[in-house]
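Asks: If you want the building blocks of each chain, they are given just below.
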Amino acid sequence: MGINSKPVVFAALSAVVILVGTVVTVFVPLFMPSTQPVSSFVKPYTAIELEGRDIYIREGCNNCHTQTVRPLRTEVLRYGEYSKGEEFAYDRPFLWGSRRTGPDLNRVGGKYPDSWHYKHMQSPQSMFELSNMPPYGWLASNKLDTSVSFRKTSIQRFGYTEDQVKQQIADYKTRVTAQDYDSKETRDLVTPANLRGDLTEMDAIIAYMQKLGRDVKSMGAGQ
Amino acid sequence: MKDSGYEYSVVRGFAFSALFWLVVGLVIGLWIAFEMFNPALNITPWLSFGRLRVVHTNGLGLGFGLAAIFATAYYMLQRLTRSPLAFPRLATAHLWLFNAAIALAAVSLMAGMNTTKEYAELEWPLDIGVVIIWVMFAINVFGTLIKRQEKQMYISLWYLIAMTVTIAVLYIVNNLEIPVTLFKSYSLYAGANDANVEWWYAHNIVGFIFTVPVLAMFYYFLPKATGLPIYSHRLSIVSFWSLIFAYLWTGAHHLMLTPLPEWIQTVAIAFSIFLIAPSWGSVMNGYYTLQGNWEQMRSNYLVKFFIIGITFYGLQTLQGPLQGLRTLNAFFHYTDWVVGHVHMGTMGWVTMIISASFYYMIPKVTGTKLYSVKMANVHFWLILAGQLVWTITMWIGGIQQGAMWKATNPDGSLMYSFLDGLTSLYPYYRIRFAAGIVYFIGILIFAWNLIQTVRQAPANAEA
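So the sequences go chain by chain: A and B.
Its first residue numbered 882, the first sequence is counted upward by one per residue in the numbering used here.
Its first residue numbered 509, the second sequence is counted upward by one per residue in the numbering used here.
Since the hints were made in silico from the structure, they are not lab data.
The C-beta atom is built at its ideal place from N, Cα and C for all residues, glycine as well.
Mixed in with the good hints, there may be bad ones.
Said to hold, decoys possible - Interface residues of chain B toward chain A, partial, derived using beta-carbon atoms under 10 angstroms:
| # | residue |
| --- | --- |
| 1 | Asn704 |
| 2 | Leu763 |
| 3 | Phe779 |
Use the sequences and the hints to build the structure in full.
Replies: Dropping the structure here:
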């Protein structure tokens, strides 16, 4: 074959050969609306939920937890309604995961009260003696950094104004620091005294947990 | 060796960088393997499983894998073109920059700077660094090929060219991201598209780092080590082009039964099954090369590595497409079965071939003989035993976990809680850890053998 003595032609031909499958299965779907459908029931993350999601990303939670319930009988029994494409329209990056060392989390929102999560994050073993999940109590010792929250939401085109983002942050802070917050006792238990009046990374990741799968319920109700 | 002006110091540099990152990556692997059954090792955030798992995969895939590829590529490139590297100083800069980047990668991942896209976790400044490093390599590849003395390009060079081109495309497309700060970015793609791009990348980065260049090594070093020519040139041509054509269609078999459009999944299944043919083309080419000379399995210590290595490649490329089938995938996906699958490829095929290539190449570039063939044999048996126990344990664990997830009571309710499934795996995780120790000892012997080979070089030089 003559091509075996022409390195540049060989490289060009290799590029064409690898691009065929790439174009058909990856590039073309990028421009097909059906690949990532949207639904008005699925709302973008609030600034706090997004900060929580970024902590989930930073800690590599996706290495043990998936976020896709497959349309299989036992899976729906275990986790709830199977995952729909629409749910992920605001997910950059996607967090479907590839291994379930821990359970799937796509339907965890609303499954437990916040207090459950504070306790579980602080010490998974205190609730499930044999769990192998690392403890994340230290998240409650980190004040939540919201300095780039607005930038984050605007890059992701969530459509919030800067004031709306500030309001979301203030609202959530009011909620978790209020005297009548239903998980106050547990939150105070895991949060150092000097941070109890502030938002911590723990608060944010729990806000994110509670968002997961919530919109699907309204999707079902609207149909 | 008085080979006129061949640049071997960079070959040596990359080979020992590979050994260094191999040892580091395996120590981290053992650490996280222990965390799987005893969370007490999650001492600080920097050492928690979620962060360290990524250091393990990147350290071995990019640190060990790429360094070994660069070492052997720079060697094969010069030998097969009968020309010294076009830009030796660029290659030296490449070596230093590469190691700096891997070190920074490890630290940044432990610090939690992580995009979560598998095997593409590095944040955007390091992505730019990786692209620069790759361009530096590509310049030498094509520069040397253009000014080569040997007219025909041998099979191994085809694989190196395909790798150079494809990795560039994969890496750039999948890592397009919008920076928020210096240490944080968001993917350009959202949801299902992001998943599709990512698994197109992840599947093929494995293909074009752990298959294509390793086949280049196999096709070069097997004939060199045995003195036997490759059985069929035509088969290697057919295998090459069909492999690189079909590979790129199959990424979505990692996304079976997810919200990704079904047609993309189905196309991926079809091409995955097709891929068995070119993969086994190379396996058969390897086996038939030894036709009539099988006694070399006993008499030539290197042949074991190559033949057992290509056998694991053959098993890997059968197991992979089968796992992609919807029904089997529904059972095996997300379990430890897949973890076992990956490690047969990396601990079996990839490491076996790189080991043998280094055993052949390092004495050549230092003008000496291997320090100890006996140690090389011990290394072989330890990594073979370690890997087999490791992977088979994970397969059994995976089957058990898959079955427990699916088990229902007569009334239709679930038989086991999630935690039941997890805790039933702890005995397997302990066995896996022990097997990892055995494997690690084999690797330490490998590294020690090569260090000693280089050390004795001046005294024993025959050139």
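Asks: May I ask which of the numbered hints given earlier this structure violates, with the numbers listed in increasing order?
Replies: No numbers; nothing is violated.
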